[in-house]
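Q: Let's have the full structure, built from the sequences with the hints guiding it.
Chains A and B are the protein sequences, given in the same order.
So the first sequence is numbered by the numbering used here: it starts at 1 and just counts up by one.
So the second sequence is numbered by the numbering used here: it starts at 1 and just counts up by one.
Just so you know, these hints were derived from the structure itself, not from any lab.
Take these hints with a grain of salt, some might be off.
List time: in silico DSS-like cross-link candidates among lysine-lysine, alpha-carbon distance up to 25 Å [stated by the list, open to error]: (1) B:K129 / B:K45; (2) A:K93 / B:K319; (3) A:K93 / B:K169; (4) A:K189 / A:K93; (5) A:K83 / A:K115; (6) B:K159 / B:K148; (7) B:K169 / B:K142; (8) B:K136 / B:K45; (9) A:K115 / A:K93; (10) B:K245 / B:K188; (11) A:K115 / A:K89; (12) B:K320 / A:K189; (13) B:K142 / B:K110; (14) A:K189 / B:K319; (15) B:K245 / B:K169; (16) A:K85 / A:K108; (17) B:K188 / B:K159; (18) B:K320 / A:K196; (19) B:K159 / A:K108; (20) B:K188 / B:K136; (21) B:K319 / A:K108.
Non-contacting residues of chain A with respect to chain B, defined by C-beta distances greater than 12 Å in every case (computed) [said to hold, decoys possible]: (22) Y7; (23) P10; (24) L13; (25) A37; (26) A49; (27) I58; (28) R81; (29) F87; (30) L91; (31) Q94; (32) F103; (33) P111; (34) F118; (35) I139; (36) F146; (37) F199.
What you are looking at is a predicted structure, and each value in this text was computed from that prediction instead of being measured.
In this text, a Cβ means the ideal position worked out from N, Cα and C, and glycines have one as well.
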Amino acid sequence: MSEERLYLYPLWLRIWHWINALMFLVLIATGLSLQYAGPESTFIRFDYAVQYHNIAGIILTISFVFFVLANRFTSNRKFYRIKYKGFVKRLMKQFRYYIYGVFIHEPKPYPVSEKRKFNPLQKLSYVMVMYLMMPVIIITGFGLLFPETNIENVFGVAGIYLTDLLHIVTGFVLSVFMIVHIYFCTFGKTVGSEFKSMFTGWH
Amino acid sequence: MITKKTRAFLLLAAMMTTFISAWSQDEAEEERVYDFAEENHQCFKCHGHKTFYYFNENMDQQIRERMNPYYIIDTVEYYSSNHWNFSCFDCHSYDYSDFPHPNELRMEPKPGCLDCHGGDDYEDLSWEKIDEEFQKSVHSTKHSADFKCSMCHDPHTYKVNARTNENIKETIQYDNGICLSCHADINKYQLIVDFVNPNVLETHQWLPNQALHWQSVRCIECHVEMNEDMLIAHNVQPKEKAVRKCVECHSENSLLLASLYKYQVKERRNELGFFNAAIMNNSYIIGANRNYYLNMISLILFGMVVLGIGIHATIRIIKK
Ligand code: HEM
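A: Below, the structure is given as structure tokens:
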């Protein structure tokens with residue numbers, strides 16, 4: 001592993017990332033509170049939860065649009081490009097490392113370098129999350145915010161119901177992603193080093 | 001890419017649906033014979049219109065005059081109401097055939113709903129209990145002389161909805177229309193009191209998505225005391241007692257199941273595992289619509305992820 005320090009996370013990315021993470025935590029807390037609302041078991045008062053959830057969702061949307069644009073027009077975008085040839089093989093190699101290699105202290109198959117910020121698994125999950133899941137959850141979220149935009153009725157089920165189902169399922173998948181994501185961020189030089197990087201920018 | 005085959009299929013499907021809906025419409029409008037149409041027409045020719053004509057013998061000419069708007073009865077609504085097959089004379093004196101109507105008629109009491117609907121014959125709609133509840137309501141306690149059932153149920157136009165209409169949204173609109181006919185209309189409001197009606201849009205500002213709420217729930221959901229014994233509870237409470245807590249509806253045992261969806265709630269969980277399936281076809285109520293299987297699956301998946309991370313981390317620590 002090279003010892004030279006790399007500047008991997010530019011300021012705009014760090015700001016985006018921590019706003020994004022904070023809003024995500026708010027959305028999960030309020031979202032769960034709404035979904036499991038009950039007279040005795042309210043975690044956050046319903047009307048507050050609705051309001052916080054809406055506000056956090058709007059901030060998240062703005063920051064997401066910012067991310068997409070910034071990622072389009074800066075060099076950071078190269079890290080998100082998937083080369084299909086041999087991708088599955090590379091994925092398997094990384095996967096093998098995580099379930100076996102890491103325990104016997106094998107070297108990382110795809111160490112971080114200037115050209116390669118993410119290992120194949122990271123790359124796949126970030127691309128899926130940022131360019132598939134996030135748009136879905138944002139669009140369905142706005143569908144719920146402006147219910148009149150929903151199709152009234154789909155085969156006897158309220159259209160808004162389907163929108164919501166998609167919103168909740170995506171929210172769940174993203175929450176699971178976040179937990180796994182945080183865990184995989186402990187694979188740096190030390191358990192905390194990657195978190196530090198995301199604050200300082202230096203790897 | 002619509003191929004010929006799919007186009008043919010779509011056409012067929014469209015034809016089927018028009019056929020089926022046309023057929024079911026026929027079914028609903030089982031031949032009604034309006035026994036009193038002719039008899040009632042002698043009244044509708046004046047009371048069905050904004051203006052009416054009569055022959056003034058003193059002036060020896062036909063006079064066109066305005067009808068008191070409160071005395072106008074919509075013919076179409078009358079013939080689709082509960083009392084569609086009634087003659088005016090079932091409830092009003094024959095002497096109304098004369099015009100001008102004889103003076104004594106003014107003094108004659110008009111029949112109340114309970115005059116006919118009291119007693120055992122009509123138990124299914126719990127009339128007596130409704131009357132009891134109504135007597136306790138704000139409207140009745142404050143204005144018992146002026147506020148009668150007919151303020152909300154015009155005997156000429158009322159048509160039961162909640163019990164019979166399969167389209168919940170229509171029922172909601174109908175029932176809210178009853179309340180809004182006064183609370184959003186100063187003229188009718190002031191038939192009862194002298195002051196101006198508080199603007200209901202403003203007094204309900206605390207409710208987000210107000211327009212959506214008023215299409216999806218009825219005023220009575222929040223303003224009427226629950227009562228197990230009848231489909232439509234009738235005790236309208238003072239405003240301090242109105243439902244304000246969101247979770248009363250936005251929760252698994254939503255109060256809507258005991259009111260708005262009372263008639264629909266047959267099963268607690270349908271075959272697909274949806275809690276409160278009755279609500280699902282019409283709207284989505286945060287907190288009230290949960291899917292049992294989705295809940296289980298997400299719980300299991302979540303547990304597995306946490307467990308996996310736990311095991312992985314433990315091995316990492318051991319092998320350090
Ligand atoms: C409190 C929760 C979170 C923590 C502690 C956290 C931590 C981190 C850390 C340490 C990194 C740098 C390591 C790496 O590049 O893989 C990172 C990167 C990243 N995180 Fe998070 N994260 C959180 C939430 C999220 C959420 C909710 C999302 C997306 C929905 C997200 C998306 C990303 C992306 C896309 C990157 C790569 C950014 C780039 O370098 O281009 N993170 N995160």
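Q: Are the hints correct? Go through all of them and say.
A: Status of the hints after comparison with the structure:
no. : hint            : verdict
1   : B:K129 / B:K45  : violated (38 Å)
2   : A:K93 / B:K319  : holds (21 Å)
3   : A:K93 / B:K169  : violated (56 Å)
4   : A:K189 / A:K93  : holds (20 Å)
5   : A:K83 / A:K115  : holds (14 Å)
6   : B:K159 / B:K148 : holds (17 Å)
7   : B:K169 / B:K142 : violated (31 Å)
8   : B:K136 / B:K45  : violated (40 Å)
9   : A:K115 / A:K93  : holds (19 Å)
10  : B:K245 / B:K188 : violated (30 Å)
11  : A:K115 / A:K89  : holds (19 Å)
12  : B:K320 / A:K189 : holds (13 Å)
13  : B:K142 / B:K110 : holds (22 Å)
14  : A:K189 / B:K319 : holds (16 Å)
15  : B:K245 / B:K169 : holds (23 Å)
16  : A:K85 / A:K108  : holds (21 Å)
17  : B:K188 / B:K159 : holds (20 Å)
18  : B:K320 / A:K196 : holds (22 Å)
19  : B:K159 / A:K108 : violated (75 Å)
20  : B:K188 / B:K136 : holds (22 Å)
21  : B:K319 / A:K108 : holds (16 Å)
22  : Y7              : holds (28 Å)
23  : P10             : holds (30 Å)
24  : L13             : holds (26 Å)
25  : A37             : violated (4 Å)
26  : A49             : violated (9 Å)
27  : I58             : holds (14 Å)
28  : R81             : holds (28 Å)
29  : F87             : holds (24 Å)
30  : L91             : holds (18 Å)
31  : Q94             : holds (14 Å)
32  : F103            : violated (5 Å)
33  : P111            : holds (18 Å)
34  : F118            : holds (20 Å)
35  : I139            : holds (16 Å)
36  : F146            : violated (9 Å)
37  : F199            : holds (23 Å)
Hint compliance for this structure: hints 1, 3, 7, 8, 10, 19, 25, 26, 32, 36 are not met, and every other hint is.
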